[in-house]
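Colleague: So the chains spell out like this:
2 protein chains.
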Amino acid sequence: MENFDVAIVGGGLIGCSIAFELSKENLRVIVLDRQQPGLEASWAAAGMLSPAPHSPQDVTLVPLAKESLRLYPEFVREIEECSATRVGYAQKSAFHIFFGSNGEAERDIMISENKRLGLNCESASVSDALKSEKALTSEMSAAALLSNEGSVEPRLLMEAILIANRNRGVEIRSDFNATSLVVDRGRCTGIRGNGGVIAAKQVVMAAGCFSGSIISETKGFPGGLPVRPVRGQMVALSAPSVALHRVLRSHRGYLVPRADGRIVAGSTLEEAGFEKRVTAEGIRHILDSAIELCPGLRKAEVLETWCGLRPGTPDNLPILGPTECEGLIAATGHYRNGILLAPITARLVREWIVQGRTTFDATVFSPLRFKEFRSEAVHTTR
Amino acid sequence: MENFDVAIVGGGLIGCSIAFELSKENLRVIVLDRQQPGLEASWAAAGMLSPAPHSPQDVTLVPLAKESLRLYPEFVREIEECSATRVGYAQKSAFHIFFGSNGEAERDIMISENKRLGLNCESASVSDALKSEKALTSEMSAAALLSNEGSVEPRLLMEAILIANRNRGVEIRSDFNATSLVVDRGRCTGIRGNGGVIAAKQVVMAAGCFSGSIISETKGFPGGLPVRPVRGQMVALSAPSVALHRVLRSHRGYLVPRADGRIVAGSTLEEAGFEKRVTAEGIRHILDSAIELCPGLRKAEVLETWCGLRPGTPDNLPILGPTECEGLIAATGHYRNGILLAPITARLVREWIVQGRTTFDATVFSPLRFKEFRSEAVHTTR
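Going down the list, the protein sequences come from chains A and B. In this text, residue positions in the first sequence follow our numbering: the first is 11, and each later residue adds one. In this text, residue positions in the second sequence follow our numbering: the first is 11, and each later residue adds one.
These are calculated hints, taken from the structure and not from any lab test. Computed from a predicted structure; not experimentally measured. Glycine included, every Cβ here is placed at the ideal spot set by N, Cα and C. A hint or two may mislead.
Said to hold, decoys possible - EDC-like, lysine to aspartate or glutamate: derived pairs with alpha carbons at most 16 Å apart:
hint, chain 1, residue 1, chain 2, residue 2
1, A, Lys286, B, Glu311
2, A, Lys309, B, Glu285
3, B, Lys286, A, Glu281
4, B, Lys34, B, Glu91
5, A, Lys125, A, Asp68
6, B, Lys309, A, Glu291
7, B, Lys309, A, Asp68
8, A, Lys76, A, Asp371
9, A, Lys286, B, Glu314
Claimed, not checked - A short list of chain A residues far from chain B (calculated; beta carbon distances all over 10 Å):
hint, residue
10, Thr70
11, Glu77
12, Ala94
13, Ser142
14, Met150
15, Asn177
16, Ala290
17, Arg294
18, Leu297
Said to hold, decoys possible - Here are the simulated distance ranges between beta carbons:
hint, chain 1, residue 1, chain 2, residue 2, range
19, A, Leu140, B, Arg287, 48 to 58 Å
20, B, Asp118, A, Ala269, 32 to 42 Å
21, B, Glu149, A, Asp118, 30 to 40 Å
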């Protein structure tokens, strides 16, 4: 039986970021995935780095998101250096575009809410917005400029962090279908799967929307980690005549420009189980909102359509931190924010493992807030 | 130099149907394509077999379309028998669905026009339409039932006719990029390409929207055959909960059910040159009209998006018959009707080659109607 300091279940950006962070600590780390890592939610993401709240629930998330965005430049620098690969990181403002007769009022609410949360958000006149982004529609009624934003290319970032981890000595398994935790006298001592048992002093559950099914198969976790898939569909467009300089958003969708000129348009929020399918309504909605933002995209080539399964939770906030099962740390449920929250999640998990406490108060994201999970975990035996 | 009785330029359904028809006459026939035959407009087609006029120009086409539809059962029987392959042929009525307050008036016009042209077209009450097609929208304002209709699966038909041709001894070349006609003292004696020269007593130009460029490169055909690409985009949907029994059409689009449950939704008519691209606006339009016809398709999986280049002509009627260049017959420009018109086109070309005259008067489709082509062709020398 192989023995590790830390076994990370799930090789998406969260799992790989934690592994990369832990690799600095001289720990023996293994990342376990049932397939080539990074092909689920990380691969599907648009890569917007936006700490601004996109729903009332997000308000709780803003401090964590801001801290993670602050860490991003260094996070990217280390990965690019260690992988000799670029990840398409851009620190740029974003425009939020409003339509209809209430547009100005909606903009003012957004500005005051963002300012209250310590985020830069300013009014932009329609003519100024049109001047900076010539592809924008003149049909908008108002615009807000958010300067605490950025974007990254998740597929490039995944490739780079896998290389970086290998260069740092992290072991990566792409054939390990984790099925249950190994729990001995209430302590998690490893992970069981079709590839046998991996023994580890610490297990980190970072399997996104699949986290629940892995833990639920272990005796004593009858409810499982309460993570569910929330489908998001995406479209990649190519329109040489439409040059975007930053992320454009509306209440209906968003456009993220890539360095190679492609434009990634999203998205949907769908409760559709584990069905990874693009649908007529989903693609239509995304194309509608893309064309509404930039009418020049009518003629854009549809290069690719795809979807991913975000890990949603009952409050759609991440599940971060030690569980009542000693040796098991949760780092999952990042919902729409996995790419943005990777650096802070990695730092928090390192601190929990190495120092037993964190420099950022993440109590509100503790798995202990989900009673069922907590109340059962303490009775677990092998 | 190889010597054939007939060389057919273009291995789409038109070219292959002509070859199949000629193979009954003990002639040495070759089909020339620059790639695997059947991957252009034939592969992209929906496969509706509808002789009903879809635009005012189509009225001229109706007699030819009706005759071709009459030939279809025997055409399919021979190909299926000779290939031991099924081609998804179905003789079924189609519904045309009308929306809005003018729906009933529009339906009455369609019915009287179809009847005048000798086509069956009857009014169907909304409740009867909903009874026979449960997936139809209840938002329609009127419906017409067209019983002179059918459908076929173009990709299956292409596969089958290629097998059938090979079984009948037709030679098929998939590496011959035709570049110009060989013309000797005003007579076409072969075709020149990157694969050398193919000598033939008769050359049939059946290269769809590419026909123009091949002939234009020959001295004396400065205008070329006036065929241009008219792009059509398509979407294949899968929705187990939506079962269609026949083709559904509206003024905006159509749905063609396949035997395996897939639904092919179309289409667009675009002047976009030879750019084979699916676009944001095109796909959105198709999904809009599909969902308008059958709201249950909202949840349908988008299986595939693609497009093809229909061969349009100045009057969007086909170019059929002998040219003033002896030995050169045109069988191209079938625009939206290539699949439907394959049997009659094949019969006409056989009759021109074997008998020198046809049993169906196709004068109106003669290439001689395009003056530029005619006036230059007679002066051609090698």
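Colleague: Now, for every hint given, state plainly whether the structure supports it.
Modeller: Each hint, compared with the structure:
no. : hint                             : in the structure
1   : A:Lys286 to B:Glu311             : holds, 10 Å
2   : A:Lys309 to B:Glu285             : holds, 11 Å
3   : B:Lys286 to A:Glu281             : violated, 35 Å
4   : B:Lys34 to B:Glu91               : holds, 14 Å
5   : A:Lys125 to A:Asp68              : holds, 15 Å
6   : B:Lys309 to A:Glu291             : holds, 6 Å
7   : B:Lys309 to A:Asp68              : violated, 28 Å
8   : A:Lys76 to A:Asp371              : holds, 13 Å
9   : A:Lys286 to B:Glu314             : holds, 15 Å
10  : Thr70                            : holds, 32 Å
11  : Glu77                            : holds, 37 Å
12  : Ala94                            : holds, 35 Å
13  : Ser142                           : holds, 23 Å
14  : Met150                           : holds, 19 Å
15  : Asn177                           : holds, 39 Å
16  : Ala290                           : violated, 5 Å
17  : Arg294                           : violated, 4 Å
18  : Leu297                           : violated, 4 Å
19  : A:Leu140 to B:Arg287: 48 to 58 Å : violated, 27 Å
20  : B:Asp118 to A:Ala269: 32 to 42 Å : violated, 57 Å
21  : B:Glu149 to A:Asp118: 30 to 40 Å : holds, 38 Å
The structure shown violates the earlier hints numbered 3, 7, 16, 17, 18, 19 and 20.
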